[in-house]
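Just add 5 to the spot in the sequence shown (first one is 1) and you have my numbering.
No false leads were mixed into what you were given.
Derived lysine-lysine pairs resembling BS3-like cross-links, with alpha carbons at most 30 Å apart:
#, residue 1, residue 2
1, Lys224, Lys205
2, Lys222, Lys237
3, Lys237, Lys216
4, Lys237, Lys107
Pairwise CB distance ranges (calculated):
#, residue 1, residue 2, range
5, Gly218, Arg279, 18 to 26 Å
6, Leu17, Arg38, 15 to 23 Å
7, Ser44, Asn128, 20 to 28 Å
8, Arg35, Ala93, 21 to 29 Å
9, Ala276, Ala93, 42 to 50 Å
10, Ala276, Thr46, 50 to 58 Å
No lab work stands behind these hints: they were computed from the structure. For each residue, glycine too, the CB sits at the ideal point set by N, CA and C.
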Amino acid sequence: MLAKDGTVIHCLPGYWNPNDLDRELDLADRLHRVWLDGSITEPQKKVLFAQEQMRHIQSHPHEETERSELQGFDKHFVVKNNVSDAIANRSLIPADYHDAPKEAFKTTDVIVHERLANQPFVNYANFNIAQFVNYGSQHYDKHEKDLEPETMANVRAHNLREVLHETAEAPPKPEKAATAASAPSPTQYPNPLKPQETQKLMVDGFWAYAKQGNWAKAKRVAEFMVAKQPDKPTGHEMKAVIAYSSARYAEAYFHSCNAIRLGSKHPRIIAIYRQTRTMTTGSK
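Whenever a hint applies, use it, and build me the whole structure from the sequences.
The structure is reproduced here in C-alpha cells:
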C-alpha cells in the first residue's frame, strides 16, 4: 500500500483472512494520515510508524495468531536458512529441528509488523521487498491446523486409503475367489507412487463425495492433493468447489485464481472464478 509519492504505508505478503485484512487496512489508513500530516516532522513520523506497528501486534486476536502460525515446511526453511527474526526462542529448537515446537517461532503477523517497523515510511524504490517476504518456502497454504490429527498423519504418510475412508471404516476388501485364476490382483488398489493412478483415484473420490454433499470427506481429499501436489491445479480446484458450495465466495475466488494460474481449464472452475470475481471485487 503506497502513498501518492511512493512511500510504503503497509505491506501484506500472502493471503489474509478478510477480518484480519480489515484491521490491517484500518492501520494503513491511520498511518497514511500520519504521513500526510504537515505538522509532524519526518523523524517523528518514522517513530510513530514503528510504534504503531509494534502496538498493532498486541491488538491481534487469538484467532489471527492461530491462523498466522508458520507451517512445517516454513519452519524448516527458517531454521535451515537461519532467518533469525522469524525465530522467537532458539533454545527451544532441538538438534533435529523437525521436532521444534511452535513456540520456537514467531507467527507471520508478528514478523510482518516487526519488519515494517524496521523500514518506517520508506520509499518503494528503497523498500527491501526480497528481505521482507523471506520467511518461508515457496509452497501454498494447506490449512494443516484445520485437519483432524489422524487425517494429517495420513496426508504426511501419503496413505490414500485412509484419506478416502473414515478412520473407523475399513477400506473395502476384494472378495476371496474360489480359484487362483480369478483371485484379485495385488495391485487392485492404485499404487500411490504411480501419479496417474493416484490422480484418478483422488479425483473420482472427490467428485463422488461432492455429489453426495459429503464435504468433510471431500475436504480430506482436497487437503491431500494440495499437500502432495502444491504446484498442480487439482487440489486448488477441489478447494474452490468446496468453498463455493459453502458460500465462502472470497475463499472460492482465491482458490479458483490459484487453480487457473497453475493451468486449470476446468469449465466449473472457470465459472466459479468469473462469478466470485464479480462478488468479491466488483469486476466484470
